Amino acid sequence: MTNEAQGRPDRAVEMPKTVPLPGLEAYRADQQACAAAEEAKWQKQLSDYEAAKAKAEAEGKDAPKAPVKPVAKPEGDLKAPVPTEAQDPDLLRLKDVFGEAVEEFFEQAGECTAQIARDRILEVLRFCRQDPSMRFEMLADETATHYPAASDFAFSVVYHLASLSRSKRLRLRVLLPEGFELESATQVHRGANWFEREIFDMFGIRFLNHPDLTRILCPEDWEAFPLRKEYPVAGLGQRDIDFREDRSGRLTRRAQEQAGHSAINLKIPTAD
Amino acid sequence: MAVNASAVQGPTLLENILITTKVEKVINWSRATSVWPMTFGLACCAIEMMAAGASRFDFDRLGAGIFRASPRQSDLMIVAGTVSYKMAPIIKQLYEQMPEPKWVIAMGACATSGGPFDSYHTIQGVDKIVPVDIFIPGCPPRPEALIHAFMKLQDKIMSGSMADRYRDVFEAVEG
Chain A
6 MTNEAQGRPD
16 RAVEMPKTVP
26 LPGLEAYRAD
36 QQACAAAEEA
46 KWQKQLSDYE
56 AAKAKAEAEG
66 KDAPKAPVKP
76 VAKPEGDLKA
86 PVPTEAQDPD
96 LLRLKDVFGE
106 AVEEFFEQAG
116 ECTAQIARDR
126 ILEVLRFCRQ
136 DPSMRFEMLA
146 DETATHYPAA
156 SDFAFSVVYH
166 LASLSRSKRL
176 RLRVLLPEGF
186 ELESATQVHR
196 GANWFEREIF
206 DMFGIRFLNH
216 PDLTRILCPE
226 DWEAFPLRKE
236 YPVAGLGQRD
246 IDFREDRSGR
256 LTRRAQEQAG
266 HSAINLKIPT
276 AD
Chain B
18 MAVNASAVQG
28 PTLLENILIT
38 TKVEKVINWS
48 RATSVWPMTF
58 GLACCAIEMM
68 AAGASRFDFD
78 RLGAGIFRAS
88 PRQSDLMIVA
98 GTVSYKMAPI
108 IKQLYEQMPE
118 PKWVIAMGAC
128 ATSGGPFDSY
138 HTIQGVDKIV
148 PVDIFIPGCP
158 PRPEALIHAF
168 MKLQDKIMSG
178 SMADRYRDVF
188 EAVEG
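Chains as they are written, first to last, in the working numbering: chain A, 6 to 277; chain B, 18 to 192.
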């Protein structure tokens, strides 16, 4: 698809930068990488200084000024919240009960997150809802994120659970490769119906055992999935549609048909 | 003396009770002073439109206070808000259900040009679907702006000529 066909010849479509998946392990790896880079920079400065000093001594000049090791600045009040070890009893209990199925769990800014194995999510949701010590009765939100740069997964689906009786919240997430069909949360929370339709509409993630998995926001004949990162902001040619062309009174999308778009696109994304 | 008086007064009285004008002008005047808008809001501009209709701004002074709930009884469509591609066929259908003569006001940045929604899902101006008479800038425009636009529309209606409006019909009949 050329830029002209996207209706914006003046604007190149480029892949937006994606943030890494938040998590304790990723954060620690990032911190270690930063520390290693700092250390390498300091070693380079030191060796440069030694070389300059030796050269100055050989030439009989004054020795250059010695470098000072930079001290990390103390962080102010506006410190970004970092992920920390989980202390929350709910998270610990989840780990106790499900073991390996809880792939990662951490707290950040007072919010609890657990990453669940994608084939166990239904079980975990049911446990969170029904267990007398958990009682997360409400699915406050279900949404997804696209991570095109990640190697072993493409999407994360995030469940925001709320417990009205305990005034607590819990976030669960699963990581999915392209084309994976996740068990629908409607089997535990009926309110997940429209959330999952929206996720399907925007990302093309399909859900097993969902009562009515159709588009909910976009028109039924919409092409592709708009919240995927590779989707251009100006759309895939929808702006070429000139509704004024049709004088007969019925609104047809002639330009779209001429451009070769089919009517309804419910293609299953392939895993390549 | 009495005969003379009646001869003087006769034409004066007649001038007091008669107006000479054109049929077209009378029709335009009646249309411009009783424009019935359609109850039709798409987004936040509709809130300003409601304010314009309520007592503080009182759209009714201009003859446009009767918001009709059916396009069949409306003369004016105020497109107040963001037009999405999913909504476009519905707007077009409503416009076509309105009887002639009919006018359209595109209210606010979204309806005139897509506004801040330079995206895949928003029609970049409602004039891509229906012919627009008046565009109002603003995000959202204040009720005063809508009233000003409506007065401009009244000017347009008053200056309208039936010959122009139905030119293609006349040409079809003649040719």
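Just so you know, the hints here were simulated from the structure itself, not pulled from any lab data. Computed from a predicted structure; not experimentally measured. Be aware that a few hints might be false.
Stated by the list, open to error - The following label-pair restraints were derived from C-beta to C-beta distances:
hint, chain 1, residue 1, chain 2, residue 2, range
1, B, E188, A, E225, 19 to 29 Å
2, A, E225, B, M179, 37 to 47 Å
3, A, D157, B, K103, 44 to 54 Å
4, A, P182, B, I107, 35 to 45 Å
5, B, K103, A, K46, 38 to 48 Å
6, B, R89, A, L222, 24 to 34 Å
7, B, I107, A, G184, 41 to 51 Å
8, A, P216, B, A86, 31 to 41 Å
9, A, L97, B, T56, 54 to 64 Å
10, A, A155, B, Q110, 40 to 50 Å
11, A, V102, B, I107, 26 to 36 Å
12, A, S170, B, I107, 18 to 28 Å
Unchecked claim - DSSO-like mimics (lysine-lysine), calculated; alpha carbons at most 30 Å apart, straight line:
hint, chain 1, residue 1, chain 2, residue 2
13, A, K234, B, K169
14, A, K70, A, K84
15, A, K60, A, K46
16, A, K74, A, K60
17, B, K109, A, K49
18, B, K109, B, K39
What the hints assert, rightly or not - Which chain A residues stay away from chain B? Per the calculated CB distances, all over 12 Å, these:
hint, residue
19, A77
20, D101
21, V102
22, E112
23, R202
24, Y236
25, R244
Glycine included, C-beta positions come from ideal geometry on N, C-alpha and C.
Hint check results:
no.	hint	result
1	B:E188 - A:E225: 19 to 29 Å	41 Å, violated
2	A:E225 - B:M179: 37 to 47 Å	43 Å, holds
3	A:D157 - B:K103: 44 to 54 Å	36 Å, violated
4	A:P182 - B:I107: 35 to 45 Å	39 Å, holds
5	B:K103 - A:K46: 38 to 48 Å	54 Å, violated
6	B:R89 - A:L222: 24 to 34 Å	30 Å, holds
7	B:I107 - A:G184: 41 to 51 Å	35 Å, violated
8	A:P216 - B:A86: 31 to 41 Å	34 Å, holds
9	A:L97 - B:T56: 54 to 64 Å	56 Å, holds
10	A:A155 - B:Q110: 40 to 50 Å	45 Å, holds
11	A:V102 - B:I107: 26 to 36 Å	50 Å, violated
12	A:S170 - B:I107: 18 to 28 Å	43 Å, violated
13	A:K234 - B:K169	45 Å, violated
14	A:K70 - A:K84	34 Å, violated
15	A:K60 - A:K46	21 Å, holds
16	A:K74 - A:K60	22 Å, holds
17	B:K109 - A:K49	69 Å, violated
18	B:K109 - B:K39	34 Å, violated
19	A77	41 Å, holds
20	D101	45 Å, holds
21	V102	43 Å, holds
22	E112	36 Å, holds
23	R202	15 Å, holds
24	Y236	7 Å, violated
25	R244	7 Å, violated
Checked against the numbered hints given earlier, this structure breaks hints 1, 3, 5, 7, 11, 12, 13, 14, 17, 18, 24, 25; the rest are met.
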